[in-house]
Amino acid sequence: MSMTFYLPKDASARAMGADAVAAAITKAAPDAKLIRTGTRGMTWLEPLLELELDGTRHGFGPVEPGDIAGILADPQGHPKALGPVTDIPFFKTQTRLTFARVGVIAPTDMAAYGAHGGLTGLRRALSMSAAAMVEEVKASGLRGRGGAGFPTGIKWDTVRLANADQKYIVCNADEGDSGTFADRMLMEGDPFTLIEGMAIAGIATGATKGYVYLRSEYPDAIATMNAAVIAARKGGLLGDLLGSGQQFDMEIRVGAGAYVCGEETSLLNSLEGKRGVVRAKPPLPALEGFMGKPTVVNNVISLASVPTIFANGAAAYADQGLGRSRGTIPVQLAGNVKFGGLFEAGFGMTLGALVNDIAGGTATGRPVKAVQVGGPLGAYFAPHQFDTPFGYEEFDGAGGLIGHAGITIYDDSADMLGMARFAMEFCAVESCGKCTPCRIGAVRGVEMLDRMKSGDPVAQEVLEDLCETMRDGSLCALGGFTPYPVLSALRLFPDDFAARKEAAE
Amino acid sequence: MPDASQTDRIAAILTAHDGLEGPLLPILHAVQEEFGLIPDDAVPQIAEHLNIGRAEVHGVVTFYHDFRDAPAGRHVVKICRAEACKAMGGDAVAAAALAKLGTEWHGTTANGKVTVEPVYCLGLCSCAPAAMVDDRLIGRVDAGKLDAALTEASA
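Chains as they are written, first to last, in the numbering used here: chain Z, 9 to 513; chain L, 26 to 180.
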């Protein structure tokens, strides 16, 4: 009997032991077919092995090498059998548009990509005028998924209308925010989707060259993207696009461990081979970006959402969502979380539904004390704010931001003064040094929090004043948004700051 | 003075990157891959080839955390210090590892075997805390898993 197994090769699955499971399968069933895929995004089940039974993929997890013999002997009776993978509630309740193929196919198999709906968007794009393509993106309501939420179509239009001998598409894959891993998961699981999105962006704006700026902390994603670029050139997804005569090619560039390079102007400097310092805006990168030329700088998820918009139409995408937040958002459930992973759904779910119902609360089983939404520069939220719907404006109104849609959960043992101090310390370590509020402010912020810890009564006022200066005076979001976690921690959990004051007195 | 072999090897790297737009980071990654660090005397050679100032190259080398001016130990352990890992007790895992190895962040053990570095996010935030021993990723890391990975790496 010929058997087909699917096992993720995603970094999270490997970190939980997937390679040892793969070796055990090869040893126990040398004739079986083993396809390494991306991850379904249910990290608590990793390594999540899938076995095709009567055309349906059945899941087993978390699998250890010692389970293989038992699974081979009696798959459906095995204690780790989960039934059909797509029926698992965490998966079934999602709306997978951007991540439709992630976890399903072998990431760099061009034939599988085409068989699962890949290239449909590009084919349609090639039949449209550039202006109509930009209108399509505008109609989809797609906004920058990196965190800023700027309408993608408007950015593309600025580049399209700019006159230049060379334009560029730059993909920001410098996903440095803790609590976020959607970019990594997409690049490791379905890299052709990102490439197709970049190619479509190239046609729409008149750019013929693209770069993916990928952080060095993601070696697996770098390897997969490099392999995918080579396969895409062979398959007509790069170069002469599907034989249309339209040209687009791209390179993968690796960062060098600077968090600030996730900021678009600093990223462009880094890509040019300079120190990753922030540039003042204007000029906008859309007019003077990489090498001074008009450049689209979009996040991985923004670009990877483009193929589904073109394949199924802007309306189908815009049907999802809430208010001015249209389409789907891949929410990443991280930190002290029971059911951690990636959950793609239309905007509008409440924070509480995501944290309590989908994520199942904490891994430790203790009460949720706080969640940080949007990475290290995002605000903390306490349970009394859990009715906030997931959307750009809604989170802004609640004093936070959705950022890259990572939710990091903390149980009641979290020390919020310590977390506030870490936010300042991180800003000090990672500041590019160009503007004073960030470079000096972060260092002073650490000092003020240390003084609060030791009971200094005036430190809080100085800290709040400092945060105002950083917020209003910094050139980019690093210095400008570090006050979000600091002040939200202070306002929501004054006891964590006050208790220490009393203890010291 | 750089030895002739080093000069030749760097020259080969430089030539291989001719024609790239913004080639400096790829060049520095390749140099570090070759030598395990960025040799001081590589800086003027790179600057001359790219027709930019030595200060510019030096500035870039020192700006980025990845580039080393001293060789790492035979194995590099990276332990995540960022928020999602903190939420799962990452600080305690890191403290125990540093104490056991008898070194500080960025330090190398006395026998030159292990360098320990902080990393701010490996993207393994849903199986935190996370660490990396050379190329091997570890999720839900604890002292036992870290020890096992180090033992395996040394074997």
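By construction, these hints were calculated from the structure, which means they are not laboratory data. Misleading hints may appear alongside valid ones.
Claimed, not checked - Footprint (simulated), chain L over chain Z, 3 or more residues, beta carbon under 8 Å:
hint : stretch
1    : 39-46
2    : 95-104
3    : 272-283
To be verified - List of simulated lysine-lysine pairs, DSBU-like, C-alpha gap at most 30 Å:
hint : chain 1 : residue 1 : chain 2 : residue 2
4    : L       : K125      : Z       : K461
5    : Z       : K88       : L       : K125
6    : L       : K138      : Z       : K346
7    : L       : K125      : Z       : K282
8    : Z       : K301      : L       : K103
9    : Z       : K289      : Z       : K242
10   : Z       : K346      : Z       : K442
11   : L       : K103      : L       : K138
12   : Z       : K35       : L       : K138
13   : Z       : K217      : Z       : K88
14   : Z       : K301      : Z       : K289
15   : Z       : K442      : L       : K103
16   : Z       : K442      : Z       : K289
17   : Z       : K217      : Z       : K289
Yeah, the Cβ is synthetic: ideal placement off N, Cα and C, and Gly gets one too.
Hint check results:
1. 39-46: violated (count 0)
2. 95-104: n = 0 at 8 Å, threshold three: violated.
3. 272-283: holds (count 6)
4. L/K125 <-> Z/K461: holds (29 Å)
5. Z/K88 <-> L/K125: Status violated; Cα separation ~36 Å.
6. L/K138 <-> Z/K346: violated (36 Å)
7. L/K125 <-> Z/K282: violated (39 Å)
8. Z/K301 <-> L/K103: violated (37 Å)
9. Z/K289 <-> Z/K242: violated (39 Å)
10. Z/K346 <-> Z/K442: violated (41 Å)
11. L/K103 <-> L/K138: With a Cα-Cα distance of about 14 Å, the restraint between L/K103 and L/K138 holds, given a limit of 30 Å.
12. Z/K35 <-> L/K138: violated (33 Å)
13. Z/K217 <-> Z/K88: Violated: Z/K217 and Z/K88 sit about 47 Å apart, past 30 Å.
14. Z/K301 <-> Z/K289: OK: Z/K301 and Z/K289 at ~15 Å, within 30 Å.
15. Z/K442 <-> L/K103: With Cα atoms ~28 Å apart, Z/K442 and L/K103 stay inside 30 Å; holds.
16. Z/K442 <-> Z/K289: holds (13 Å)
17. Z/K217 <-> Z/K289: holds (23 Å)
Checked against the numbered hints above, the structure breaks hints 1, 2, 5, 6, 7, 8, 9, 10, 12, 13 and satisfies the rest.
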